[in-house]
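Q: So the protein lines, in turn, are chains G and H.
Counting with the working numbering, you get residues 1209 to 1321 for the letters of the first sequence.
Counting with the working numbering, you get residues 267 to 380 for the letters of the second sequence.
Simulated from the structure, these hints should not be mistaken for lab results.
Positions of the beta carbon are idealized from the N, C-alpha and C atoms, including for glycine.
There may be inaccurate statements among the hints.
Unchecked claim - Here are the computed lysine to aspartate or glutamate pairs in the EDC-like style, where the Cα-Cα straight-line distance is at most 16 Å:
| id | chain 1 | residue 1 | chain 2 | residue 2 |
| --- | --- | --- | --- | --- |
| 1 | G | LYS1313 | H | GLU338 |
| 2 | H | LYS269 | G | GLU1249 |
| 3 | H | LYS269 | H | GLU296 |
| 4 | H | LYS337 | H | GLU296 |
| 5 | H | LYS336 | H | ASP304 |
| 6 | H | LYS321 | H | GLU335 |
| 7 | G | LYS1278 | G | GLU1262 |
| 8 | G | LYS1316 | H | ASP304 |
| 9 | G | LYS1316 | G | GLU1213 |
| 10 | G | LYS1313 | H | GLU345 |
| 11 | H | LYS319 | H | ASP304 |
| 12 | G | LYS1267 | G | GLU1249 |
As the list claims (entries may be wrong) - A few chain G residues that face chain H, going by a derived Cβ cut-off under 8 Å, partial list only:
| id | residue |
| --- | --- |
| 13 | ARG1244 |
| 14 | GLY1248 |
| 15 | GLY1314 |
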Amino acid sequence: TQLLEQSPQFLSIQEGENLTVYCNSSSVFSSLQWYRQEPGEGPVLLVTVVTGGEVKKLKRLTFQFGDARKDSSLHITAAQPGDTGLYLCAGAPRGGSQGNLIFGKGTKLSVKP
Amino acid sequence: DVKVTQSSRYLVKRTGEKVFLECVQDMDHENMFWYRQDPGLGLRLIYFSYDVKMKEKGDIPEGYSVSREKKERFSLILESASTNQTSMYLCASSRLGTRFEKLFFGSGTQLSVL
C-alpha cells in the first residue's frame, strides 16, 4: 500500500513567521498536488508538480518536488491569517488509474494575528 | 468556474435508514468521486466513476453503493446507515486526461448517524 506521510500534523504560528510542510513517501509518483481546505469547504487545488526537482511559486508559497519524485515540500514565507487551513498533499502513482490519487492526512495550519 | 454542488451541508439520520447523498457538477467532467474525510485519517476514496453507468471501488466501498445515471450526477447510497458512517462526505469531479487531472470538490456533507 502506497502512503504519503505529511508532517507536521498541526502547526500554530504567529503572523509573519515562515513555515515548511513536508510530504514523504517511499514510492515514486508521476505527479503530486497540493490542496488547501478551509473550514466548511472542500479542498481547492493550489499547485501540481510533475518533474523531479521542480519548484513552483504561488505568491508567498513555494512548492518543491523531490528529485526522485518521492517527496514534496510546501514553504510559506511571512504567513498571514488568511493562510490558515488544512493543507493536503496528494500523489498520483506511476501507472495508476484516474481513481488512484493518494492523499496525505493533512497539516492543520493556524496563523495567529 | 467549475461548480460541484452537494445537496445537503448537514444531514442527521438514524441507524438503519437508507441515505442518499447527491452530487451535481456543471462542467461536463467525465470523472466523479466520493470521498469521506475523518480527523486523523485524511481523505479516503469510497467509489469513483469515469463514465455514465461505470463505477470502480475505492479503498473503503463496504456499506456504500453509487449510481451514475447521468454524466453530471453521482449519488452515494448508504443502504443501511450505521454510526461508524458518521463523517464528512466530499464529492469531486475531474476531466479524463492523460495524467491525473485537477480535482474540483464540493463543499461537503456532514452526516451524523444516531
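Q: Now look at each hint and say whether the structure bears it out.
A: Hints, verified against the model:
1. LYS1313/G <-> GLU338/H: Status violated; Cα separation ~29 Å.
2. LYS269/H <-> GLU1249/G: holds, 13 Å
3. LYS269/H <-> GLU296/H: Holds. LYS269/H to GLU296/H sits at ~14 Å (cutoff 16 Å).
4. LYS337/H <-> GLU296/H: Answer holds: LYS337/H to GLU296/H is near 7 Å, not above 16 Å.
5. LYS336/H <-> ASP304/H: This hinted pair is violated, its Cα atoms lying about 29 Å apart.
6. LYS321/H <-> GLU335/H: holds, 11 Å
7. LYS1278/G <-> GLU1262/G: holds, 12 Å
8. LYS1316/G <-> ASP304/H: holds, 13 Å
9. LYS1316/G <-> GLU1213/G: Distance ~14 Å between LYS1316/G and GLU1213/G Cα, so the pair holds.
10. LYS1313/G <-> GLU345/H: violated, 28 Å
11. LYS319/H <-> ASP304/H: Violated: LYS319/H and ASP304/H sit about 28 Å apart, past 16 Å.
12. LYS1267/G <-> GLU1249/G: violated, 22 Å
13. ARG1244: Result: violated, 11 Å to nearest chain H Cβ.
14. GLY1248: holds, 7 Å
15. GLY1314: GLY1314/G check passes; min Cβ-Cβ to chain H is 6 Å, inside 8 Å.
Violated hints for the displayed structure, listed by number in ascending order: 1, 5, 10, 11, 12 and 13.
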